Amino acid sequence: MILTPLLLAPLALSATAPRVDLFAIRAPRVEVGNGETLHHAVILIEGGKIVTIGEDLPIERGIPVLELDEEQVVIPGLVDAYSRYGMSSRGYSDSRPYLLASAELPEKGNGFKQLREIGVTTLGIYPPGSGIPGQAVAVRTQGMSPEELILRDSCYLKIIAGANRSAKARISDGFKKADSWEEKEKKNREKWEKAKEKFDKEKDAEKKKKLDPGPYKPIEPDRNAEAFRQLRAGTLKALISISTAADYLHLLDAIGDEEFQWDLRVGLTRNTDVFHVIDRIGEAGKRVIMEPELTLHPGTRRQRNLPAEFARAGAKLVLVPRGDSTQAFKDWRRNVGEIVAAGLDFQTALSAMTLEGARLLGVDDQVGSLESGKAANLIILDGEPFEATTKVVAVILDGDLVYGEVDL
Amino acid sequence: MRTLIRTKATLFLVLAALTLGVLPVAHAGDDEPKEKAAEEESSEPEEPQDKWFAVVDGDVYTGTGAVLRGATVLCKNGVIEDIGYDLWMPEETETLDARGYRVYPGLVAINSSGLFGAGSDLPNTFNPFGQNLVLALGSGITTALTGNEVGKLKYGTLEGVQVKTNVFRYLSFSKSSPAGKRSLREKLAKAAKYRRAYAQYEIDKKKNKDLKEPSKKNVDSNLVSLLDGKWRPVFRANERTDLLEIAHLAQQYGFRPIIQGCREGWTVADELGRAGASAIITPRDRRPKSEQLVREGGSSIENAAILYRAGVSVAIIPGNVGISLGGIVGRDLMHLTVEAAFAVRGGLSDEAALAGLTIEPARLMGIDHRVGSLEVGKDADMIITDGDILHYKTFVQWTVIDGEIVYDKEAHLYFAHIRPRPDSSLAPEQRLDAGENPPEEAAAAEGGDEEESEEASEPKEGGGGQG
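First to last, the sequence lines map onto chains A and B. Per the working numbering, numbering of the first sequence is gapless, rising by one per residue and ending at 972. Per the working numbering, numbering of the second sequence is gapless, rising by one per residue and ending at 488.
I should point out that these hints are in silico values taken from the structure, not numbers from a laboratory. Be careful, since some hints might not be right.
[To be verified] Label-pair distances were calculated between CB atoms; the ranges are:
1) Glu68(B) with Phe824(A): 25 to 31 Å
2) Lys748(A) with Ala432(B): 52 to 58 Å
3) Leu816(A) with Arg217(B): 53 to 59 Å
4) Lys677(A) with Ser141(B): 47 to 53 Å
5) Gly798(A) with Glu68(B): 30 to 36 Å
6) Ala432(B) with Asp909(A): 24 to 30 Å
7) Arg865(A) with Val100(B): 41 to 47 Å
8) Arg654(A) with Ser141(B): 29 to 35 Å
[As the list claims (entries may be wrong)] Chain B stretches covered by chain A per the calculated footprint, using a threshold of three residues with CB under 8 Å from any CB of chain A:
9) 140-148
10) 177-188
Please read all numbers here as calculations on a predicted model, not as lab measurements. Note that CB positions come from ideal geometry on N, CA and C, so glycine has one too.
Input sequences plus hints: build the corresponding full structure.
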């Protein structure tokens, strides 16, 4: 390992300090995010990435080490896969699958400072509007330009489903458009192939010149059909939003035999009846994105912990803040804590705030858990992660200390 | 109450035996080939397995007049396969023990609102989990008209919800619109003339092949098909004069009107009967007669009975066709049977009242080949009640649609605690409040305050609907 002389002496690391390229963290407890807990763990970070992580690893002499206190806990940086933080929620209400949320990113700088302080290191921004409003983007919460911000574009195509003819038709129409485009393309191809065949057979050089069809030119792509072609090809997935149990059945009806990858967004309202289809959704192994919220069984005062019920039924859980305000982000960890106190498994809850969100966005190869090769996005907490009194000590994003002050 | 499917039962036995570690070798040897054979049998044909369901040992009120005490209704794939005694049943038949209960055809609501969700375009808007849907199922309704579509109250699935679209066609013939009356008369006359001309043309065509078809100009083809007997028009009419004129018009042109409302029908019942009319009535409808008139008029509790006696078939619907959780209880679709009971109070027979809730509305909507009575070949839509369907005290215990239990009184919060089933956890011995007072205190409280406790245990008609 290469060590610069500068790093040989212990130094104070603060948010404004110059970047330290290689350092280690020795933590009494690390929650990896994938269900594992490490004790007496060492995390070696170089160039913004986790090089190694494990229990009781030796640290080479000279590498600056951040020694954590006994009660401190390290968890992965939080991933909110479904947000419109600081952005307008006005959008179209029809089908525009080609719109990209990434186009809305500010040209200069960003206002994610408060999110970084809370420990949110990755944000999935969805396109606004109803109908089929477009495709989401995954961003880091630090960066001065869209290029620096974007982790991955076209993470998912957002679709709002419903129990009505037009919402159902939007889905089937999308695939129909893809069909008709492919039909046209096929005809175009056949036409060219015929011409080519004719050209190949012709022996007379003079005539042959006239018949040359040139290289194959595909027809213009149809921007409305493209996203649905990608869905079918598996290069894009969908996040489909439902609010009632009936919506889910109508969604299945609208999808029919069409095969593509899709996750579910379930907005939890106080009297939601979505529990009727929890078993069916769980059996299908769907990823479900919802708020950490206790709801009431309709017509009663009986509380239900739907996130926990979904998780128990076999669904993969993604928990996101209850709103897009900074306060909602601040309350996020506490809100999840309430759901945990009401019966949700600790590790499921933690991964619902980190790794599952990254999986939803398709950036789980880069962020979401504390594993070697992934970005060094982590939060140092001063106690139990879901305890209401627990505070953030420091936040590290891509190896940079973006919040807090610690001695290295 | 339901018996387990056989394969499950065997599996359970085998598992139980395994856990106990006492599985005899010979026994295992006996079982395995059977299991294998069964597997092979089921895997050979690719078709999905038949689904068998039976309601056994109930008193079956078929809705056709027959009552079969302690009989079994056997259903295969959602259709009634057989009704009777000592029926052959495949082993895997799922059964519902209805001993001591009555089995009726599912009720048919000839109008409704808010049971299905948005209400129209059922395949695209149906909400199979709605509260109103469950309450309607709990009231015994299995089929209902909404908008101008008939749907089944399928719980938890979208499949098979739509039964028929474009059910009713309305005509207007009322003294409030003389122009409309004149216009309908003229159109009917033209349609009749056209039909005569066409009939003549059919005869003459044989002699002269070049003959032209009679002109259809200004002829309402709808009314031609009406006169052909293809459909029955619905008139909204309540007053005697309107009813009489409709009856005369119908007799003149030879069609059979369906009259919705028909409040003063009892005053002209014979005329309506002779015209072959049917009536959709609300027995509890109350309206005094117009005071200027000397003749009889206004509403009568005997309306249904008098009409029925005169040969008018009667379908019954409450004044409020929704599920109402506000206002005075007992007047909405949850109390369809109570509405019919008022017709019985006015002299209608029990059988006719049941028909007014089942087969008559099914006939009027043209779906009587599928629902409305318990007959072999019809849809397995039925309700299992703890008493006479027309009695206010009676609860629907189970509702079955297409051979599947879609409602169980015990499984929902609404009525489970009111007169619970004997085998229920809520049954009297285990009252919820039993633990609140130690036995001595409870006894003392009961002795000292007898009136109050009696009042508390008195069943209240439909009160559960408010909860």
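Status of each hint after checking the structure:
For Glu68(B) and Phe824(A), the hinted distance range of 25 to 31 Å is satisfied, since their beta carbons lie about 29 Å from each other. Between Lys748(A) and Ala432(B) the Cβ separation comes to about 53 Å, which falls inside the hinted range of 52 to 58 Å. Take Leu816(A) and Arg217(B): their Cβ atoms lie about 55 Å apart, and the range 53 to 59 Å holds. A C-beta distance of roughly 51 Å is found between Lys677(A) and Ser141(B), which places it inside the suggested range of 47 to 53 Å.
Restraint check, Gly798(A) to Glu68(B): a C-beta distance of roughly 32 Å satisfies the suggested window 30 to 36 Å. A hinted range of 24 to 30 Å holds for the C-beta pair Ala432(B) and Asp909(A), which are about 28 Å apart. Taken as a hint, the range 41 to 47 Å holds for the pair Arg865(A) and Val100(B), whose Cβ atoms sit roughly 43 Å apart. Between Arg654(A) and Ser141(B) the beta carbons are some 31 Å apart, a value that agrees with the proposed interval 29 to 35 Å.
Counting residues of the segment 140-148 of chain B whose C-beta lies closer than 8 Å to any C-beta of chain A gives 6; at least three are required, and the coverage claim holds. Evaluation of the coverage hint for the segment 177-188 of chain B: fulfilled, as 3 residues show C-beta separations to chain A shorter than 8 Å, against a requirement of three.
Every hint, counting from the list given before, is met by this structure.
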